[in-house]
Amino acid sequence: MSNKDNWKIWEIFIRSRNGLSHKHVGSLHAPDAEMAIKNARDVYTRRSEGISIWVVPSESITASSPDETEPLFTPADDKVYRHPTFYDIPDEIGHM
Amino acid sequence: MEYTLRLGDNALILGQRLGEWCGHGPVLEQDIALSNVALDHLGQARMLMQYAAELKGEGYTEDKMAFFRDITEYHNCLLVELKNGDWGKTIARQFLFDTFNYFFYTGLLQSKDERLQAIAQKAIKEITYHAQWSAEWLIRLGDGTEESHKRVQKAIDALWEWTGELFEMDEVDEKMCEAGIGVDLAGVKQQWHEKTAEILEIATLKKPEDGWMQKGGKQGEHTEYLGYMLAEMQHLPRMHPEASW
Amino acid sequence: MYLRDFYGKAIARIFVTESTVKIMTKETSLEDRFQQYVDGENKVEPKDWMPEAYRKTLIRQISQHAHSEVVGMLPEANWITRAPSLRRKVALLAKVQDEAGHGLYLYSAAETLGADRMDLIKDLLSGKAKYSSIFNYPTPTWADMGAIGWLVDGAAIANQVMLCRTSYGPYARAMVRICKEESFHQRQGYEIMMTLARGSEAQKKMAQDALNRWWWPSLMMFGPTDDHSPNSAQSMKWKIKRKSNDELRQEFIDKTVPQAEFLGLRVPDDALRWNEERGHYDHGEIDWEEFYNVIKGNGPCNKQRMDARNKAHDAGAWVREAANAYAAKQAQKKQSSAA
Chain B
1 MSNKDNWKIW EIFIRSRNGL SHKHVGSLHA PDAEMAIKNA RDVYTRRSEG
51 ISIWVVPSES ITASSPDETE PLFTPADDKV YRHPTFYDIP DEIGHM
Chain H
1001 MEYTLRLGDN ALILGQRLGE WCGHGPVLEQ DIALSNVALD HLGQARMLMQ
1051 YAAELKGEGY TEDKMAFFRD ITEYHNCLLV ELKNGDWGKT IARQFLFDTF
1101 NYFFYTGLLQ SKDERLQAIA QKAIKEITYH AQWSAEWLIR LGDGTEESHK
1151 RVQKAIDALW EWTGELFEMD EVDEKMCEAG IGVDLAGVKQ QWHEKTAEIL
1201 EIATLKKPED GWMQKGGKQG EHTEYLGYML AEMQHLPRMH PEASW
Chain P
2001 MYLRDFYGKA IARIFVTEST VKIMTKETSL EDRFQQYVDG ENKVEPKDWM
2051 PEAYRKTLIR QISQHAHSEV VGMLPEANWI TRAPSLRRKV ALLAKVQDEA
2101 GHGLYLYSAA ETLGADRMDL IKDLLSGKAK YSSIFNYPTP TWADMGAIGW
2151 LVDGAAIANQ VMLCRTSYGP YARAMVRICK EESFHQRQGY EIMMTLARGS
2201 EAQKKMAQDA LNRWWWPSLM MFGPTDDHSP NSAQSMKWKI KRKSNDELRQ
2251 EFIDKTVPQA EFLGLRVPDD ALRWNEERGH YDHGEIDWEE FYNVIKGNGP
2301 CNKQRMDARN KAHDAGAWVR EAANAYAAKQ AQKKQSSAA
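Quick note, the sequences are listed as chains B, H and P, same order.
For the record, in the first sequence the residue sitting at position 44 is 44 according to our numbering, with numbers rising by one throughout.
Position in the second sequence (from 1) plus 1000 gives the number in our numbering.
Position in the third sequence (from 1) plus 2000 gives the number in our numbering.
Honestly, I wouldn't trust all of these hints.
What the hints assert, rightly or not - Computed list of lysine-lysine pairs in DSSO-like fashion (alpha-carbon distance at most 30 Å, straight line):
no., chain 1, residue 1, chain 2, residue 2
1, P, LYS2334, H, LYS1207
2, H, LYS1206, B, LYS4
3, P, LYS2329, H, LYS1206
4, H, LYS1150, P, LYS2333
5, B, LYS4, P, LYS2333
6, B, LYS8, H, LYS1089
7, H, LYS1122, H, LYS1064
8, P, LYS2255, P, LYS2237
9, H, LYS1206, P, LYS2334
10, H, LYS1206, P, LYS2333
11, B, LYS8, P, LYS2205
12, H, LYS1206, H, LYS1175
13, P, LYS2056, B, LYS8
14, P, LYS2334, B, LYS8
15, H, LYS1089, P, LYS2311
16, P, LYS2237, P, LYS2130
17, P, LYS2180, B, LYS23
Said to hold, decoys possible - Where chain P lies over chain B, by a calculated footprint (3+ residues, C-beta under 8 Å):
no., stretch
18, 26 to 34
19, 37 to 48
20, 59 to 71
21, 75 to 85
What the hints assert, rightly or not - Chain H regions said to be covered by chain P (calculated; three or more residues, Cβ under 8 Å):
no., stretch
22, 1021 to 1029
23, 1044 to 1052
24, 1067 to 1075
The set of hints was computed from the structure by calculation and includes no laboratory data.
Every value quoted in this text rests on a predicted model; they were computed, and no experiment measured them.
For glycine and all other residues, C-beta sits at the position ideal for the given N, C-alpha and C.
Between the sequences and the hints, there should be enough to build the whole structure, so can you do that?
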């Protein structure tokens, strides 16, 4: 951090209600995790949007590169045998 | 009614003071945070003013209570009407008041007055958060840099003489306490002293000795600051007394 | 190592670009591919390759937008302590607080492009960066709270609804959130105007006076006419902007004039009339000299607004620093106790 008064960036994830996963909602600045949670409460749940908060320093996130999109994700496209419709089951068996 | 009004005035005057920070906070995140605290206080003020207005009757409303009482008819404690000062002073004032408010409203949860009890039930969640928030900030400033330590210690020292009034039992307090409606301030005082001592120590700050204490706010004797605040707050409705907004 | 950079800053970009070029045939340039991608209504995400000019344009536009939200707090915050009822007071405070939030969401979106919020703020404070000129007009009366909510937020919403479909993903997502929250702002303003317009003579006068002062500056918010807007064409091509300044302005006028009529207030434009043939309102000439003058810094409140922002920033420095120092101490304690 070049600046003594510059707070670092945190990515904020919010669970809107039990039963759902935490979802990325945006980012904010805070000096530490405790304040990042408090800030997230004030910034991202003013309209009752959540009941649980995760905060992660942005610098700790490892992301895949868009450059690798093809090698990473296209190989899955032709593995149709992973989907239920790949298999023929007679109608009279009913839902399976 | 006077008892309810005292609580309402504390909330209104503090909410009004904190509203002054909006747009001028040290960082966007804290601007938003302090506005939230101000909104909590104003929300509590409205509930209490509505109740006080009903008790008073005579066509009183929350707004008539807020905008058409003069300075001597205001019953808030002096601490909340003091000027904001810098962030350190605002945090110190919040810490001293929020800690008091937390123990006070915890007591009010047992009130035999159903309405006050219901208000306390709603408010205590907000107040608990305020108390945590300002204590954490006090610790950050106290144990932050040399400058922040100096600033916040100075603020605590300067504000100390305004805290005695919080625990002063007058006739109204005693009557309400006996009726099981109000809160015994002697108990609150002890809890407050223990809690503030604990937090101040973590914050590496010195707890001032109790010396001369200012008082009078509850009885309507105020600082000059409140006069200016009311002039600003009330001028528009008073200029058009028949108007609705 | 490159992959650890969440936002894909400089080094990661060079890495990506080179390898992508290797894969691609020579017939399409990266720019062309990018254009095709955007033309196909696809969203651009932070780490995707993008023309440098696209990135720069976005950082400039998003940060200007963020600055506008933050500076825009001032003319309204000005009335929080003077709001004439408790209901109005809490609504106004919540609204101005939302604007701080919107500034924050937008700075966040700009940060996904590799910008640093502190640098952006410093550009604002030094006068290098621009913000919406509308906030350089004063708010002397309570009716200004009504007029700002109704007209200024109304104009802003027209722009923001369009931006919900902008090509840059994080910007579009910030806009969706902002639009959701903004919906109460304009209603709040219109309700104030309605109460005043139906109130006493003095209140009606106050409302009309505010409309007179805010009408033209609100129309200027959409920016210069299309033939004088040099950057617009490229922004439209990249689908950052989806509608032209004049289109948005016309939409706003068509929507707002009937609302003024409902209030029984007069829009201060003698040339304003419904054009049956076009299906739109015709309007008078906008005073562009005033517009450029205010941009140059000669508006009634330019200096006041910048002074206020500078003061808040400078007075907050020791606070931000203290919080960082405390965090560093705690982290160190944790480390040494773990060791």
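The hints, checked one at a time:
no.	hint	verdict
1	P:LYS2334 x H:LYS1207	27 Å, holds
2	H:LYS1206 x B:LYS4	26 Å, holds
3	P:LYS2329 x H:LYS1206	20 Å, holds
4	H:LYS1150 x P:LYS2333	22 Å, holds
5	B:LYS4 x P:LYS2333	19 Å, holds
6	B:LYS8 x H:LYS1089	25 Å, holds
7	H:LYS1122 x H:LYS1064	24 Å, holds
8	P:LYS2255 x P:LYS2237	27 Å, holds
9	H:LYS1206 x P:LYS2334	25 Å, holds
10	H:LYS1206 x P:LYS2333	22 Å, holds
11	B:LYS8 x P:LYS2205	49 Å, violated
12	H:LYS1206 x H:LYS1175	36 Å, violated
13	P:LYS2056 x B:LYS8	23 Å, holds
14	P:LYS2334 x B:LYS8	19 Å, holds
15	H:LYS1089 x P:LYS2311	17 Å, holds
16	P:LYS2237 x P:LYS2130	23 Å, holds
17	P:LYS2180 x B:LYS23	18 Å, holds
18	26 to 34	holds (count 6)
19	37 to 48	holds (count 3)
20	59 to 71	holds (count 8)
21	75 to 85	violated (count 0)
22	1021 to 1029	holds (count 8)
23	1044 to 1052	holds (count 3)
24	1067 to 1075	violated (count 1)
Hint check: violations occur at hints 11, 12, 21, 24; the rest are consistent with the structure.
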